[in-house]
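S.K.: Line by line, the protein sequences are chains A and B.
Under my numbering, the first residue of the first sequence is numbered 1, with each subsequent residue one higher.
Under my numbering, the first residue of the second sequence is numbered 1, with each subsequent residue one higher.
Some hints here could point you the wrong way.
Taking lysine-lysine and the BS3-like style, the derived pairs with C-alpha atoms no more than 30 Å apart in a straight line are [unchecked claim]:
1. B:Lys43 <-> A:Lys106
2. A:Lys102 <-> B:Lys43
3. B:Lys43 <-> A:Lys45
4. B:Lys76 <-> A:Lys45
5. A:Lys39 <-> A:Lys102
6. B:Lys43 <-> A:Lys39
7. A:Lys42 <-> B:Lys65
8. A:Lys45 <-> A:Lys106
9. B:Lys43 <-> A:Lys42
10. B:Lys43 <-> B:Lys65
11. A:Lys42 <-> A:Lys106
Quick caveat, the hints were computed from the structure, so don't treat them as lab data.
As the structure is a computational prediction, the values presented were derived from the model and not from experiment.
Spelled out from the first residue to the last, the chains are:
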Amino acid sequence: DIQMTQSPSSVSASVGDRVTITCRASQGISSWLAWYQQKPGKAPKLLIYAASSLQSGVPSRFSGSGSGTDFTLTISSLQPEDFATYYCQQANSFPGFGGGTKVEIK
Amino acid sequence: EVQLVESGGVVVQPGGSLRLSCAASGFTFDDYAMHWVRQAPGKGLEWVSLISWDGGSTYYADSVKGRFTISRDNSKNSLYLQMNSLRAEDTALYYCAKDIAGGSGEHYFDYWGQGTLVTVSS
Chain A
1 DIQMTQSPSS
11 VSASVGDRVT
21 ITCRASQGIS
31 SWLAWYQQKP
41 GKAPKLLIYA
51 ASSLQSGVPS
61 RFSGSGSGTD
71 FTLTISSLQP
81 EDFATYYCQQ
91 ANSFPGFGGG
101 TKVEIK
Chain B
1 EVQLVESGGV
11 VVQPGGSLRL
21 SCAASGFTFD
31 DYAMHWVRQA
41 PGKGLEWVSL
51 ISWDGGSTYY
61 ADSVKGRFTI
71 SRDNSKNSLY
81 LQMNSLRAED
91 TALYYCAKDI
101 AGGSGEHYFD
111 YWGQGTLVTV
121 SS
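Isolated chain B, as found in the complex (with noise of 0.2 Å):
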């Protein structure tokens, strides 16, 4: 069963730094691309970040380009978004979700993490 737990969402002032990670199970991690997507409360869904099974490549979201930094350790089955320099408009559910192939070409999200709550508030 494909499992996806993201973790290290917190309460944070504006202009800090916080990391999220999403441990993964149930299938080969390091055959797919995996993203973020992101959700404001009552909102709809934002793409966040892509990252490419090797994680030769990434992709973001002009919203948060500069500012978040996706990255992946296929020993660990676990991917990661690095945080930086937050904005009360990034206060949102943050989910991770396995891209249903490689990286290349199309990309859908054939599976999600629950979530984990991000909230920018001094």
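Same shape as in the complex, but just chain A (with noise of 0.2 Å):
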């Protein structure tokens, strides 16, 4: 099975700041991961598909890069409705997620 490692855990943040989350993967995916965000009693939501697709109707301030192994989700300019927990997926036979990263307002 493919193991799917996000980094931090939590973060705390301020409206306007720029935030980095990233996953690892145990093997290398190619570009095969997404990236969620889920809100408290919500369903997730999809942003980034194929490690740096924007999915329509999600804003530009999220982006998404890597491959192999390591990737990244940046969002350039946090807003207050971004307050949420993101989950990157690797996206193969046997999809998997990452333990999830909630950000906070600082």
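The two chains are supplied separately, each in an independent frame; assemble them into the complex guided by the hints.
M.R.: Listed below in structure tokens is the structure:
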């Protein structure tokens, strides 16, 4: 099984800050990676797929990069509605998620 | 508008069985693979199972293999999860999720339902 490790597990930030979340796969997954945002009591929302492709309707302040084993989600200027938990996901025939990163208000 | 509506979640005793359903609308159901993903209370996301657009291919997480069965009825735009030999650790909110494509290659979940809660407890 491919293990996905996210860091940090939580981050405190202010509105306007640049926030970076990393995800590491236990083996190479090419660019087969997605990022999701989940708010309390809500279903996850797809933000980025294929490591760097922005899902339709997602603001351009979200971006993804990386390939192989190391990936990054960047929020260029944090907005109030961005406080949430973020998950990475490897996309092979047995998909798996990272443990999540909670973005909290500083 | 894409809609996924799960149902069937209840409180069930350990060792019991349950069938979850997901009613899909707003897209051509038989063009897409479908998944079940679960989330234990206060925990992260866990992928459970995948079925290809035609039902010809199915995949399961090791944690449920041999106990859960995924199926679909394209004539009814519906997805199912038969859950047998339930354990306390199966307690979770179960989401139905639409794949971004038909079933081969990469699997991304572009639409999710609101989930149905399964509680396994005596």
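S.K.: Against this structure, judge whether each hint is valid.
M.R.: Structure-based check of all given hints:
1. For the proposed pair Lys43 (chain B) and Lys106 (chain A), the alpha carbon gap of about 23 Å is at most 30 Å, so the pair holds.
2. Of the pairs offered as hints, the one joining Lys102 (chain A) and Lys43 (chain B) holds, with about 12 Å between alpha carbons and a cut-off of 30 Å not exceeded.
3. Taking the CA atoms of Lys43 (chain B) and Lys45 (chain A), the gap is about 17 Å. The hint holds against a cut of 30 Å.
4. Simply put, Lys76 (chain B) and Lys45 (chain A) have alpha-carbon atoms about 26 Å apart, close enough for the 30 Å limit, and the pair holds.
5. A hinted pair counts as satisfied when its Cα atoms are at most 30 Å apart, and Lys39 (chain A) with Lys102 (chain A) qualifies at roughly 10 Å.
6. Distance check on the hinted pair: Lys43 (chain B) and Lys39 (chain A) sit about 13 Å apart at the alpha-carbon level, within 30 Å; holds.
7. A threshold of 30 Å between alpha carbons decides the hint, and for Lys42 (chain A) with Lys65 (chain B) the separation of about 27 Å falls inside it, so the pair holds.
8. A distance of roughly 23 Å separates the Cα atoms of Lys45 (chain A) and Lys106 (chain A); the hinted pair therefore holds under the 30 Å criterion.
9. Annotation: proposed proximity of Lys43 (chain B) to Lys42 (chain A) holds, straight-line Cα distance about 14 Å (limit 30 Å).
10. The hinted pair formed by Lys43 (chain B) and Lys65 (chain B) meets the criterion: a straight-line CA distance of about 21 Å does not exceed 30 Å.
11. Using a Cα cut-off of 30 Å, the hinted pair Lys42 (chain A) and Lys106 (chain A) holds, with the two alpha carbons roughly 23 Å apart.
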